[in-house]
Amino acid sequence: MNYEVTEENGVTCIKINLKRATVDVVKEFKAFLFDVIDNQQKKKIILDLSSVEFVDSSFLGAVVSGLKKVTSIKGDIKVVELQPPVRAMFELTRLYKVFEIFDNKQDAINSF
Amino acid sequence: MDKITLYVPSKIENIHFVSDVTEAFSRSRIKFENEFRETEFMTDLKLIIYELFSNCVLHGKTEKIKITYDIVNNHLEIKIELVGKGFMIKPVKLLSHQKDLSYYPPYPAEIHNDEFILYHDSENEVICKVLGEKELFFKCIKLPEENPEIENLPEHFGIMLITSLSEHFSYTRSEDEVDIFFLKKSIKEFI
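Chains A and B are the protein sequences, given in the same order. Letter by letter, the first sequence follows residues 1 to 112 of the numbering used here. Letter by letter, the second sequence follows residues 1001 to 1191 of the numbering used here.
Take these hints with a grain of salt, some might be off.
[Said to hold, decoys possible] Capping the alpha-carbon separation at 27 Å, the derived lysine-lysine pairs in DSS-like fashion look like this: (1) LYS1099(B) to LYS1064(B); (2) LYS1142(B) to LYS97(A); (3) LYS27(A) to LYS1099(B); (4) LYS1093(B) to LYS97(A); (5) LYS27(A) to LYS1085(B); (6) LYS1061(B) to LYS1085(B); (7) LYS1003(B) to LYS68(A); (8) LYS1061(B) to LYS30(A); (9) LYS1090(B) to LYS27(A); (10) LYS68(A) to LYS1090(B); (11) LYS19(A) to LYS1011(B); (12) LYS1064(B) to LYS27(A); (13) LYS1031(B) to LYS1003(B); (14) LYS1090(B) to LYS69(A); (15) LYS30(A) to LYS1011(B); (16) LYS1061(B) to LYS1184(B); (17) LYS1031(B) to LYS1011(B).
For the record, the hints were derived by calculation from the structure and aren't laboratory data.
Work out the full structure, taking the sequences as your base and the hints as a guide.
What follows is the structure, given as structure tokens:
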């Protein structure tokens, strides 16, 4: 499974089981994320990127799209365990200014 | 001697192959002495090639894409050629004298030498200068820092990444309707 969902203390954690989170999977990921927000009505979301070695801008665009959606219903998406190239992408796009980034999942859960 | 050319079917699933070839070409031709700087270079390069190739596949109308790699004067040069619709200038923000229009080549004379904003975020703008009927030059400009607002965040970063991670990025359209994207990335600060 490319996306693994767990719940802890009312927080939904989506683990991305992909080495390269890129344009070829963006459509399915966006549909998955929107389903979690719209149909499953989850508002407190963590994206666990620990397995991801590389993200491209299409994938980040989908994450931004999810953030816009969830913040419009007073929720949030936080990201955890970024590998250096993924962290570099958040810095290049300045998205580190809008996403809270944590080194581990527990800290992210506690922050909600 | 350094040049290689790759012909790849225009399919999005080939993007990882193209990225791997780009990386392998660079590692075989550039002598890196610092592992950290090498990783930085490869990350930049992967970001550039993912953006370039995916946009060519998504916006092209072609069966194959030609990619040429070369090393010239301490720069990695990448040229991508495809039969396409032409690069559409679609500004995200208008200057006071500009009309809310999109343009395909041949670009009309009244916009030659004009500059259009193709990307805008809280810290960067990407400008495209129209050099002629079938020629554009792109550059990324740093803006005074502001705090971004979530609702105004861009969802497409490709052109910003390409222009901010390379020293030169341009577009030309040939007489036989081939779209040619050309970029140069400096090597010397990474070796």
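Which numbered hints does this structure break?
Those not satisfied are hints 1, 3, 7 and 17.
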